[in-house]
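S.K.: Residue 18 in the numbering used here sits at position 1 of the sequence shown; the count goes up by one each step and never skips.
Keep in mind that a hint or two might mislead.
To be verified - DSSO-like mimics (lysine-lysine), calculated; alpha carbons at most 30 Å apart, straight line:
no. : residue 1 : residue 2
1   : K476      : K146
2   : K474      : K251
3   : K251      : K410
4   : K251      : K535
5   : K146      : K467
6   : K410      : K388
7   : K535      : K474
8   : K535      : K476
9   : K535      : K146
10  : K474      : K146
11  : K251      : K476
12  : K410      : K535
Calculated directly from the structure, the hints in this document are not laboratory data.
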Amino acid sequence: MMTETAVQTAARRARALSLQMTRWPSVTGSPDEAAFSEHLRAHLAETPYFTRHPDRLFTIDSHGEPMTRTLAALARGTGRRTVVLAGHFDTVSIANYGALAALACDPEPLTQALMAELRDRPRNRAEEKALADFESGDFIAGRGLLDMKSGLAAGIAALERFVAMEEAPEGNILFVATPDEENRSRGMRSLRDALPAIARRFDLDIVAGVNLDASSCEHDGEEGRAVYLGSIGKFAPFAFVIGRPTHAGYPFDGTSASRIGADIVRAMDTVPELSDEAFGERAPPPVCLEARDVRDGYEVTTPDRVWLSFNWLTHRRRAADILNDFREVVSGALHSALETQDAHHARFRGGPVAKTQGVVLTYAELVARLKGDALERLEALDHSLSGGNDPLKVSRAIVAAAVAEAGIEGPAVVIGFGSLHYPLVHLEQAGSAGRTMQTRLQAVMADTAKRYGTSIKFKQIFAGISDMSFFGHRPDAGEAGILAANTPSAAFTDAAPAGLLSFPTVNIGPWGRDYHQKWERVHAPYTFGVLPDLVFESALALLDSAPETPT
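Whole structure, please, built from the sequences with the hints as guidance.
M.R.: Shown next as structure tokens:
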């Protein structure tokens, strides 16, 4: 009988563990998410290595009630150099599976059920592709299988292969599985805060990090077989528009907040000139995520409060840049809306009218107008809302209260940030350590691609927001100050402690299609065959303490 090689064992283990972990539901914010780390801890505790070294398998408190925890597993070789392999285990909701929700976390039966459903009705282009993928046998469905339990499985397979080596390898691997990436990265941020103490406890020198998150490719997988050198930045600017209400029969006696809001949306939403470009790639332009009249009843009165929130992804802009650029756009839109209304009024009246004036304030400028009891009431409101998971709802309520406390009269617009900022990160920020990491990975990628007869490429920016933003990077103090001052709720700011570790990171993960959607599916040949080997060889290369040979 032919003996299974270490590579074949890793591939088999990665597939089996991916399917097993997918069967453990872990929707963000659910009790299942809180239970997941214990399921995984119990599973790893039964392996020979952690049976011998139970102290190297532990959990780290993150957040919530019941407490949601990060699972950490340390594989020791020789010396202090350590690579961290990291991935999240929470998933988005299963609601979009509809009648198949009961199968959402059972990959193989779900794949068969989805094929049957697709064959039985007319299909659009995306559904035709999904059916063809499933029928090829190369793709497997399942909520969280792609995003991103198959990435976790590749990390665990690399960990197990590391401890099974005949001679103790150089360095150490710390594997971590974190919660809450799909909400506000509380798992990764709590791990980041705990890493200095973990490094001291086990005498580790953390030299690199590998995030294991999934990417998408709509073609033959060339874009998915990639090592990402960075992760996109995300801002969530809001505009709280304050009009001057008037009865609908006398429209020119006031100013509709909806008119102003419409001009702001027009000036912001999908405007290409507002997109960001760096590293030879271009970020998408900003989009409006929410536009609503802030009242809950019917009135024959023009709207006096309108809330707008945007998603603005960046490749280079920082908080001050975004706030200044947003203020300029909003100021221009406010001026345009008031100027147009005055022109309409003049034509309706048949003669000149007084010019309507408006003002734009940042949230920090608004709060500066409050004193004493008003600030205490605002702080109490923030505290009472801090458990909410909808950042826009929480921010909207706090801004509305602050506007009322300050007695702001319209026309006016208050701007700020309505949700957690995900910083742009890129390997070039790590300087010479980043260049060394990229050089070593390039050699591994070339060898692995040749071994499997495929291609693996570098890509500059991971397009979906990810835990990479908080993995191995110290937040900039000035940036944090601007964000904190202009984000209404403290719950959606990143209060990072001093003394955080800094190390270069990349993303190496599975690929598939349609993550977060009903047809979410992972490409099995790459994810279970190539990826565990790529992650393992990358870890070994990054642990090598030999100096780089000059080229």
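S.K.: Which numbered hints does this structure break?
M.R.: none
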